[in-house]
Amino acid sequence: MKAASPSDERAFVRARVVAASSALAVLAVSYVYAPYASDGPIVCLLRGLVGIPCPSCGLTRAFCALAHLQVIEALRYHALSPLVFGAVVATPFVAAYELATRRAVARRWLFSSKLAWGLAALFLAHHTIRSAAWLTDSALLQGHLRDSWTYAVLETLGFLRS
Amino acid sequence: MVDRAGIPMFKNEPVLVLVLGFVTCGLYLIYWNIKMAEVINAVSGREVISQPIAILSGCCMPVNAYYFYLCGQALEDIGRITGKQRLSDQSMLLLILGIFVPMVSAMIMQGHVNELYEGRVA
Chain R
1450 MKAASPSDER AFVRARVVAA SSALAVLAVS YVYAPYASDG PIVCLLRGLV GIPCPSCGLT
1510 RAFCALAHLQ VIEALRYHAL SPLVFGAVVA TPFVAAYELA TRRAVARRWL FSSKLAWGLA
1570 ALFLAHHTIR SAAWLTDSAL LQGHLRDSWT YAVLETLGFL RS
Chain Y
454 MVDRAGIPMF KNEPVLVLVL GFVTCGLYLI YWNIKMAEVI NAVSGREVIS QPIAILSGCC
514 MPVNAYYFYL CGQALEDIGR ITGKQRLSDQ SMLLLILGIF VPMVSAMIMQ GHVNELYEGR
574 VA
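Respectively, the protein sequence lines represent chains R and Y. Residue 1450 is where the first sequence starts when you use my numbering, and the numbers rise one by one after that. Residue 454 is where the second sequence starts when you use my numbering, and the numbers rise one by one after that.
These are computed hints drawn from the structure, not numbers from a lab. Just so you know, these numbers come straight off a predicted model, no measurement behind them. We put the beta carbon where it would ideally sit given N, CA and C, even for glycine. Fair warning: there could be bad hints in the mix.
To be verified - Covered stretches of chain R, as calculated for chain Y (at least 3 residues, CB under 8 Å):
| # | stretch |
| --- | --- |
| 1 | 1489-1496 |
| 2 | 1562-1574 |
| 3 | 1584-1590 |
All chains should be built: construct the whole structure from the sequences, respecting the hints.
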C-alpha cells in the first residue's frame, strides 16, 4: 500500500519507527534484565492474587534467556517464547524493509483474524498442557501458590503456617 | 458514520469478565482481547488494533497498557454511535488502570461496549 498524502506519509514512517524502536527496547531490556529475571517481582495480577500463572507467565524470563541465546532455558519457562521472540526480532527488519520499499507488507498478517485465532488456540493448548503438568508434579501447590501475594499476606497475618 | 448493525456482537456482564478472567486462569482474557479488538475496529471504521497483537498484549505490560490506551481512544466513537456525546476519550485512565489492574480496564470497556447493543436482539 502506497502512502498518499504528507500526513499519511508521516504516519507511515512514525508507525514503523515506533515499532522498530519498541522491539529494540524490548530486546535490550531482556538482555540487561536477565541476571535479575528469575528473582524479580511477580507482576502478573492473576499469579499474584490467586497463585495461578496466566497464559503468558514465564515470557519475561524466557525473553531474558533468549536474549542470552539460552534456548533450552527459555523453553522451560515458556514453550512458545521462541515464536514471540522471533516476531520481536523480526520487527525492526520488517519495519526497515517497509520504510525502504514504502509498502506495508506486514499489514495482512497484523490484521489477520485467522492468525489471531490460530495464536489463541496455540496459547490455549500450551497453557492447558502446562497447567496439567504443574498440577501433577505439585509445582502449583508447592511453588506458585506459595509465591503469591495472597499467601504472603495470609502467612504474615498468621493464618498459615510457614 | 459506522453502521451500528455491522458491529460484531460482544455483550457480556462486566463483572463476568473479571470472574471468567480468574476462573479460566486468564485464558478468557485472550478471547476477550481478540473480540474487543474486532469491536473497536468495527466501531472506528478502520483497523486500529491488530488482533494477533491483541493476544500478545497480555504477555507484556507496556503493550497491554497501550492496548487499553487505544481502547480508551475508541470511546469517543462509541459515544457518537450510541448518541452519548458526553462519553469522552478515557485513554489515560484506561492506560493507567491497564498497567496496575488490567481487568478493571476490561470491565470499564465492556460496560461501554454493551451500550452499543442496547435494544438490539442477540
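Evaluated hints:
With 3 residues bearing a CB less than 8 Å from a CB of chain Y, the stretch 1489-1496 of chain R meets the requirement of three and the coverage assertion stands. Residue count for the stretch 1562-1574 of chain R with a Cβ under 8 Å from a Cβ of chain Y: 8. That meets the three needed, and the coverage hint holds. Residues of the stretch 1584-1590 of chain R with a Cβ under 8 Å from some Cβ of chain Y number 0, which does not satisfy the need for three, so the listed coverage is violated.
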